[in-house]
Amino acid sequence: MEARRVRLQHFIPNMFHRRLLFLAMAMAACAVLPILQMGRLTVAKGEELRADAQKRLVNESWTETSRGRIIDRKGRELAVDRPSLDIAVDYKVITGRWADEKAARVARKSKEAAGITWVTLSQEEKDIALKLAREPFAQHLSAMWKLFARTAGMTDEQIEQRKRDVIEQVQYGNALAMEQKRKRDLEKWLAAGNMGVPPQDSTRVVIQEERQAHVLLRGLPDEVGLAFDRLKDMTTEEDDAGVPGGKPLPIMPGLHVQDSTRREYPLDSMNVDVDTSTFPPPLKGGMHAVRVPGVAMHVIGHLRSRLYDTDLDRRPRIDPLTGKVDLGHYRPGDSIGQGGVEQAKEDELRGLRGVRTKHLDTGVEDLTSRMAGRDVTLTIDAALQARIQALFDPSLGLTVVQPWHRIKKPDDAEPRPSAPKELPVGTALNGAVVVIDVASGDILAMVSMPSYSHEQLEFSRESIAADAYNKTFLNRAIKNLYPPGSIVKPLVLCEAIKEGKYSPEEHIECTGHFFADKPLLYRCWIYKQFHTTHSAKLGHALDGSDAIRCSCNIFFFEMGKRLGPEGIHSVFTQYGVGADSEPLNIFGLPQLPEEPKARAAERSRRWPIDVADGDLAKPAKIGPQDAILMGIGQGPLTWTPLHAANAFAAIARHGEYVTPRLYADATQERHTLNIPDRAITQALKGLHGSANEENGTTHVIAYAMPDGSKKNESVFTSPNVNIWAKSGTADTIPFKADFGQQDGRDEQYDSDHAWCVCLAGVGDSPKYAIACVIDYGGSGGRVAGPVANQVVHALVAEGYLP
Amino acid sequence: MTRSLVRSIIGHDLTPWHGAWLCVLGGLGLSLLGVYAIDLGTVDVTPKPGDMVSMSGLVLRQVIYMLVGLLAAGLIAVPHVRWIRMIAWPLMWLLIGLLVFLLIPFVPVWLVHPRNGARAWIELGPIDFQPGELAKVAFVLVMADYLRYRQNHRTIPGLVVPALIAFIPAALITLQPDLGMALLFAPAIFAMLLVAGAKIKHMVAVVVIAACAVPASYPFMKAHQKARIVGLIQMVKDPNAGADGINFQSKQAQMLAGAGEWWGVSDARTRILHKYNELPERHNDMILAVIMTRFGLMGGLAMIGLYGVWFLGAFITAATCKDAFGQLVVVGLTAILFAQTFINVGMVLGILPIIGLTLPFVSYGGTSMVTVWLMTGLIFSVGMRRLSGAYWLSRPTFEFDDQPKYGQARPQPKIAPALSRRRTG
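Going down the list, the sequences are from chains A and B.
Using numbering that gives the first Met the number 0, read the first sequence as starting at 0 and increasing by one per residue.
Using numbering that gives the first Met the number 0, read the second sequence as starting at 0 and increasing by one per residue.
Please keep in mind that the hints were generated in silico from the structure rather than gathered at the bench.
Cβ coordinates follow ideal geometry from the N, Cα and C atoms, glycine included.
Watch out, some of these pointers could steer you wrong.
[Claimed, not checked] Simulated pairs of lysine-lysine, DSS-like, Cα-Cα distance not exceeding 27 angstroms: (1) A:K527 <-> A:K517; (2) A:K517 <-> A:K560; (3) A:K617 <-> A:K684; (4) A:K44 <-> B:K198; (5) A:K108 <-> B:K225; (6) B:K274 <-> A:K91; (7) B:K274 <-> A:K246; (8) A:K108 <-> B:K200; (9) A:K125 <-> B:K225; (10) A:K497 <-> A:K470; (11) A:K130 <-> B:K225; (12) B:K225 <-> A:K110; (13) A:K162 <-> A:K187; (14) B:K198 <-> A:K54; (15) B:K225 <-> A:K357; (16) A:K684 <-> A:K527; (17) A:K44 <-> A:K246.
[To be verified] Chain B is nowhere near these chain A residues, computed Cβ spacing over 12 angstroms in every case: (18) A23; (19) A25; (20) Q36; (21) G38; (22) E47; (23) A50; (24) N58; (25) I70; (26) E111; (27) D312; (28) P315; (29) H358; (30) D374; (31) P503; (32) N691; (33) S708.
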């Protein structure tokens, strides 16, 4: 050390110079750190930082698109966008941050005017000053929201709810952005070769939505929109919170009145004239005008203005596959289809926004034109649909419990007090009707009752949702699973002949009960009700057509037994019932994702419009006794009215299966079921006999007239229409409900589901398949039969049948 | 008689070519760079060909400040440094008086208007005067005068008086509060004591004590000062911490500086980037971010190079000067300028907390500009008179009895080491 010092002194003899050199070297060493940091920022991170800086040079503004129309098969508009006005408010005003910003400015100015420096204040003093300054602005906002609600004709709570919705959606978007950033950072961190737990980045990402206005009121009528337009430019007379030189405040800060569209459902409610002269004799009358609310509501669906996380996840702003902005992504204030076609065809109907991208540096504007949503044409006939829905109006009495619905059975004993009760007379009944065009497979009508209108939805959503008995939101035509009962008998017959288990020439004795030693089990309905047999009544054993006409259980128990579990299983799978078959996907839904969590989320999302699948036990789970029972449509088996109408349509086509369609442009699958013609002939003969011949179960009903007399009348009364029909009375489990006669307590009731499925046509050619089910209606022929008859009359009235 | 008086004031044997020219050259380059950067940061768009040259009011003022600074540098370089030395103490007392005046609470706002929370400016109509800026220079002059022929600063008690001389103006400036400005006194006194022969071990001890004292001073800091330190610590842990709050300015500065990448972006794009990316004080404390956006890493290095030219000139001047006062003045001013530059660059680049300190020559500001040119003028004055004949025969500066004589190796101690240590301690 000493030697080195000596050498340094030799070269630089003066201490001042030596220390000056030391100083210069120290300064040079100090300069290394900033130079390295310069290099890091410009070279290592330069690209990223430049990209960040340039983000602000692009200003995007969106142009709204219009949603596609939904139109029926005759070109009637069922849902359409009309020009209207939207009211949007800046996000900072919605959150109240506007008041904070104003208060900060005013507080600082006030202090500086008093000669007090803001930064020298303690945090407590600042908080007090800010709180005092915020008060007038908070009051201003409070008054604004009251005026806002009053102008919109809504309650304060409704406006608050909409604000909360917007804030939640923006916060969720922010959380998504944070998550994406975290993933990007993690990828970078791992790519850098790091191991272990990555550092936590607590930076809050500010997304564009936090700087934008959000729609709080959508689709306003002109007068309301213009009222807001006038308020938009109005200001207070005084300056802001008494600040010297302050500007007057806008009455409604951050308010924007935007041109937009409003979704309208022109045929949401229709007036229908119902001719009751063809009704059952006790209900006959003249023309009745019926107001039908919510025509085809379950089919069309509606729009909801609240977006859920799943919606944002399903269609995020940045498409994860392409990395580009998806112009159809959801933004706060957007509406989304809920239920029906509005939900199922959301992506097609929705369209794509236009975007005007202004590059601030060059002044160049890129314009991506908006793309209007695509129209969707349905196979539904709205007028026919309205006519069928009108039949369920309780004032007509067709679908309410009537005295003639009940059949007094000879072995009926006085019911025990604890036994489930029958539905009281006058109780309104629910149900579903599906009408399919045999030739095309088009669904002409798909009715689920009760229905609900858009108006009822807006004002009574909670009470409708809470009604557990009516389950109004449930689309019974595709979502309610019913045991089919006797309506499956023609299908079972066809399968038995097809499989060689039964020859059309064979006759089978109706013995009243299937097992000789068990007279209380596996009984024929005629034995159960009248202690006789079909063989005794007809005077001979039954062939297939006789069995269908009389709906003989013993014959079809035998068919079930002969077909066995495998055979009886295949009867139904070929019509889309059960997990082993392709479900009826009339809404055109995509396959469910494989991943369990996503699968569950998607199932939940598509609840109102799911596929019609039904329940069917696997062959291995079907015992011999089950197979026998399934021969008459009971046992481990359920399906939907859509299945029933479609299966009968296949019979009408002589065994050609066509997937039913709801969209006019839907592709259909057609294939033959390989049912022999002789099987079809015998089945149709039986169905025709059922509706038109003596002993047919859907031929004649004995009505109890109000004067106490009885009157017999045919179930089907259209003079020019040929009918092939089968009724079914499907046993189901008791249910609980409160019909108001008890002290608010639910009572247990028991009744069967009433089915009637028929083919209607001219001459020997069935043209339309009609499936009608009345929930807990009881006798299929007595309850559902007259409804099916009126559906035929509706087809006549709409010109489908002569 | 007149000629004699002039010679007495100006001195004789002036050297026309000397190292201080480098300071002038560096200063001019930096000043012009600053004027352009202020224009970039304050005018939105580049004028089209044929348009009148568009300059913001700030640019025009800065040009005027630069010219005034050059004039002041020229004027201060005229009298011999001994005259400067003679007015050092009165100037210091005057400035201390002004610093006290700034802190008087009931001084009307039109005369002392707080800016960014600091009572540092006296409003004199069209001119705003910041006494703290001149106090730095005055302090260097006073300290140089104090240290030039002393030896007692080579003892611990001997360091007390220099510390007191620095403490009074630094404390007054801290109370404004302008912590950044006050901090500049520390490197100045350190550098001057170092070259004046203070013992290394004493200096190390002082630095260690000061380093330990810094955390202890935290509780006495203002809330915003604490927030900035906390913000910097957060930013070290997490680069994006406080990006919307306390670190907003720093993050924006880093983003815009980094956006320049290697060679920077065009003039128009720089203006656009700075227009739409809000950077508070971009024409002032944050001017480096503008320069780096425009010229990238190369621009940043070129700017550091210009400072290097200035420092090189100052060091050559100090090294060639034979006068202790002149040497100490140059070293003191150089240390101040270096510290100010280092802190400003560090805070723009995110390695130091933001404490409100301008970039010498480059940032907008009249007092700042005039002061750095005054400093340059003083160095020029010293440089011009480096070979002043009166000093040729004098003993070389800062030679002490316990040090080896000029040009000689240190004599080996002939007595016991313990005694030797005591004698030389």
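Next on the checklist: Name the hints, by number, that the structure is in violation of.
Outcome noted: Violated: hints 3, 4, 8, 10, 13, 14, 15, 17, 18, 19, 20, 21, 22, 23, 24, 26 and 29.
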